[in-house]
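Please model the entire structure based on the sequences and the hints provided.
Residue numbers (the working numbering), protein chains in the order written: chain A, 1 to 451; chain B, 1001 to 1435.
Please keep in mind that the hints were generated in silico from the structure rather than gathered at the bench. For clarity, every value in this text was computed on a predicted model and none was experimentally measured. Don't take every hint at face value.
Which stretches of chain A does chain B cover? Using the computed rule of at least three CB atoms under 8 Å from a CB of chain B, they are [to be verified]:
#1 115-129
#2 202-209
#3 310-321
#4 386-398
Anything over 12 Å on all C-beta distances counts as not near chain B; from chain A, calculated [as the list claims (entries may be wrong)]:
#5 Glu-67
#6 Thr-92
#7 Glu-104
#8 Val-111
#9 Gly-142
#10 Asp-143
#11 Ala-150
#12 Glu-158
#13 Ser-168
#14 Lys-224
#15 Ser-225
#16 Ser-228
#17 His-233
#18 Gln-415
Over 10 Å on every C-beta distance to chain B, these chain A residues come out as not near it, computed from the model [what the hints assert, rightly or not]:
#19 Asn-186
#20 Pro-241
#21 Lys-302
Where is the CB? At the ideal position from N, CA and C, for every residue including glycine.
Spelled out from the first residue to the last, the chains are:
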Amino acid sequence: MPALPRQRREPSGGIKFVEMSNRKTKSNILVRAESLSQVQRILRERFCHSTHGELFGVQVQYKHLIELLKRTAIHGESNSVLIIGPRGSGKTMLINHALKELMEIEVSENVLQVHLNGLLHINDKIALKEITRQLYLENVVGDKVFGSFAENLSFLLEALKKGDRTHSCPVIFVLDEFDLFAHHKNQTLLYNLFDISQSAQTPLAVIGLTCRLDILELLEKRVKSRFSHRQIHLMNSFGFPQFIKIFKEQLSLPAEFPDKVFAEKWNENVQMVALSRITVSRPYLTSADLMEAHQLCSMDSKANIVHGLSVLEICLIIAMKHLNDIYEEEPFNFQMVYNGERRIRYFLSGTSLMPENTNVLIDYSPEFQKFVQRKAHSVYNFEKPVVMKAFEHLQQLELIKPMERTSVNSQKEYQLMKLLLDNTQIMNALQKYPNCPTDVRQWATSSLSWL
Amino acid sequence: MPHLENLVLCRESQVSTLKSLFGERHHFSFPSIFIYGHTASGKTYVTQTLLKTLELPHVFVNCVECFTLRLLLEQILNKLNHLSSSEEGCSTEITCETFNDFVRAFKQVTTAESLKDQTVYIVLDKAEYLRDMEANLLPGFLRLQELTDRNVTVIFLSEIIWEKFRPNTGCLEPFVLYFPDYSIGNLQKILSHDHPPEYSADFYAAYINILLGVFYTVCRDLKELRHLAVLNFPKYCEPVVKGEAGERDTRKLWRNIEPHLKKAMQTVYLREISSSQWEKLQKDDADPAQVKGLSAYSHVELPYYSKFILIAAYLASYNPARTDRRFFLKHHGKIKKTNFLKKHEKTSNHLLGPKPFPLDRLLAILYSIVDSRVAPTANIFSQIASLVTLQLLTLVGHDDQLDAPKYKCTVSLDFIRAIARTVNFDIIKYLYDFL
Chain A
1 MPALPRQRRE
11 PSGGIKFVEM
21 SNRKTKSNIL
31 VRAESLSQVQ
41 RILRERFCHS
51 THGELFGVQV
61 QYKHLIELLK
71 RTAIHGESNS
81 VLIIGPRGSG
91 KTMLINHALK
101 ELMEIEVSEN
111 VLQVHLNGLL
121 HINDKIALKE
131 ITRQLYLENV
141 VGDKVFGSFA
151 ENLSFLLEAL
161 KKGDRTHSCP
171 VIFVLDEFDL
181 FAHHKNQTLL
191 YNLFDISQSA
201 QTPLAVIGLT
211 CRLDILELLE
221 KRVKSRFSHR
231 QIHLMNSFGF
241 PQFIKIFKEQ
251 LSLPAEFPDK
261 VFAEKWNENV
271 QMVALSRITV
281 SRPYLTSADL
291 MEAHQLCSMD
301 SKANIVHGLS
311 VLEICLIIAM
321 KHLNDIYEEE
331 PFNFQMVYNG
341 ERRIRYFLSG
351 TSLMPENTNV
361 LIDYSPEFQK
371 FVQRKAHSVY
381 NFEKPVVMKA
391 FEHLQQLELI
401 KPMERTSVNS
411 QKEYQLMKLL
421 LDNTQIMNAL
431 QKYPNCPTDV
441 RQWATSSLSW
451 L
Chain B
1001 MPHLENLVLC
1011 RESQVSTLKS
1021 LFGERHHFSF
1031 PSIFIYGHTA
1041 SGKTYVTQTL
1051 LKTLELPHVF
1061 VNCVECFTLR
1071 LLLEQILNKL
1081 NHLSSSEEGC
1091 STEITCETFN
1101 DFVRAFKQVT
1111 TAESLKDQTV
1121 YIVLDKAEYL
1131 RDMEANLLPG
1141 FLRLQELTDR
1151 NVTVIFLSEI
1161 IWEKFRPNTG
1171 CLEPFVLYFP
1181 DYSIGNLQKI
1191 LSHDHPPEYS
1201 ADFYAAYINI
1211 LLGVFYTVCR
1221 DLKELRHLAV
1231 LNFPKYCEPV
1241 VKGEAGERDT
1251 RKLWRNIEPH
1261 LKKAMQTVYL
1271 REISSSQWEK
1281 LQKDDADPAQ
1291 VKGLSAYSHV
1301 ELPYYSKFIL
1311 IAAYLASYNP
1321 ARTDRRFFLK
1331 HHGKIKKTNF
1341 LKKHEKTSNH
1351 LLGPKPFPLD
1361 RLLAILYSIV
1371 DSRVAPTANI
1381 FSQIASLVTL
1391 QLLTLVGHDD
1401 QLDAPKYKCT
1411 VSLDFIRAIA
1421 RTVNFDIIKY
1431 LYDFL
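Set out below in structure tokens:
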């Protein structure tokens, strides 16, 4: 992904979506269709697949990195460095750029690269096999059995020595998701790599990429002491005008684009879009599309889920909200919600039949039953198992969560739960809820200070 | 695509979004797409139909079926293999134990001729189960395009929102797409779509209207509603078939079907009886009250003393220990319920659930409620043990605590009242919450 800075955690997919929605044009000019297809191809590749994009604003860090790599490749110096930056700040792109430039230098013909990833190589054994594979030393190792990790690794590096046994090929290790390697047992791989980089047998460059700022605390003492403590930080501190500049550059078509006229017009439009809301003909980007895309990216997903619940489930959520308000966030169980719901609805009907002792189960008193059947509240008078099914549906959607793991011995109705929505979310969702019955809405907004 | 519109109703905008995301065959697409929405909102159906109609190379895997890492990865690889080499017949099954092997095998399989230049789609259904598998699986799939350096897109389908998936240290954010729930109009349209050809569309639409009127406030799940619609339609048509009412006598038809639907809510909807039992019921026109649902079977016939043991256990679970004196001693004196106590008992014991009690207390209560003299024989103790086996009582605490076992009573109030009625015991009088 290109190093587009993000103010929030949203993918650059917003921009992607925009161009897609415009492709429904029925262009009758074949050339135009071909151009559009090309545009799509170029931009999609640039956004989705390319790890060789342009770099923005990281010149200092880039210089630092390339210097380091050159020292290893050309002068045979061993080095280690960590590149730290939030997700999507361009760490992978930075190192790929640097490696590409390095390989173009004449002297670096015999530089070897090993790329490891913390997600794939989840323990040291797999990592070692991968190193063997990437150094093309599988045949050399054959069926040898090694006593320890260190032996194995030093054997591999020995095998890289050139004919006269004095100079060894420099190896560059790139460790992606470096923090995951720190969770391996004893951090053996890291220890050995850093150890070799300090002991100057083979020129080794270890480059770690991580998103965790506290990575040094994860390292063991012996590993930390062998690390050179060199860190390169990629903090995206772009201002808005720079952001616009990057946006324009990213979306502009390159100079080699076959249809020159089209490319010119496209680039012109991109300049305008960033500044105004002019409506243009369909094949080009408009700012309205950008707004639409932004809407799509910043939806509140919990509100969406609440939107799709049935009325009974909404009533349950409101009952839980009231319980939370009254009892100050103490956990509740289904039985409390079921009885509390009826008690509260009983109150709302405006009757003064409230008995003295509020602990009594009201649903067993004959007056309550008669009352419920008399008024039109019978539409909400569901059987307990039906309400239980709705409650379980809420649990399946993870809107409520049990406080502790379900054990076989406890009954479902009495298990303590917690509501994972807060009051503002519930009220906002209720506003948007389609065909919300008025008395349900009234119930939600009523305050229960009398209890 | 007109053909597609007939297959997929009420989902035009989602289909067009997906189509524009996919783009042309050889174009790159998003590394990962996350589609969420309620059950039966069409996520699986739309994705599958779209991929099949557009004939894009795809692999469809269900994470409930492939609940371990190995099953999941091997199924993806083998299905891909079949896609790429459909002419050669059965090739060898690929085995794969770790995600690293998967990435390497994947790179190999996708160099096949038929898959080379196109985007390969991997669809993971019920993706919420991925969270419980190995920790590197979800971030790995999100980045699959980058890790394998191939043109692949992974699509996640789930009921749970994306925020609950995100790993702690972050990951490559997918494109999040929401499939909105069906509105009541949409539901009507979709349900009316599968009307049997013998009857007119209006007739069926009126029926669906009635059905939604009864069930919509409880359940908006399309699958459940379709099931109920199919099951209850013969009953609805009965007056028309018998000649008692015409197709347009809506009131008569409504009066006929409404109690039936209400009964369905308590039985078939809750899965108390199976749909074949329900159909038999309709055909034989038997009295619906005679049907025994699943929960009816929980009323077992117990021997005389077992009933009293159960009653005693219920009293022990739901009455606080200090009130035993008042209920069970002949001459107890008055217990003052001070205001202090009342204020702190905000919730009754019936809301909190049963509390554990020691065996001694159970026996003490038992002796006081049974009229005749009961000797503490092995008979009584074995009856207690069989109540535990029936799960009417549960043993709380360690199994090896032989001298002072603690129990809990796990039956509901209705159940115990029914039992107490059979032995002429007024249990309400002895319950603290009903004082």
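Hints the structure fails to honour: Hints 2, 6, 18 and 21 contradicted; others consistent.
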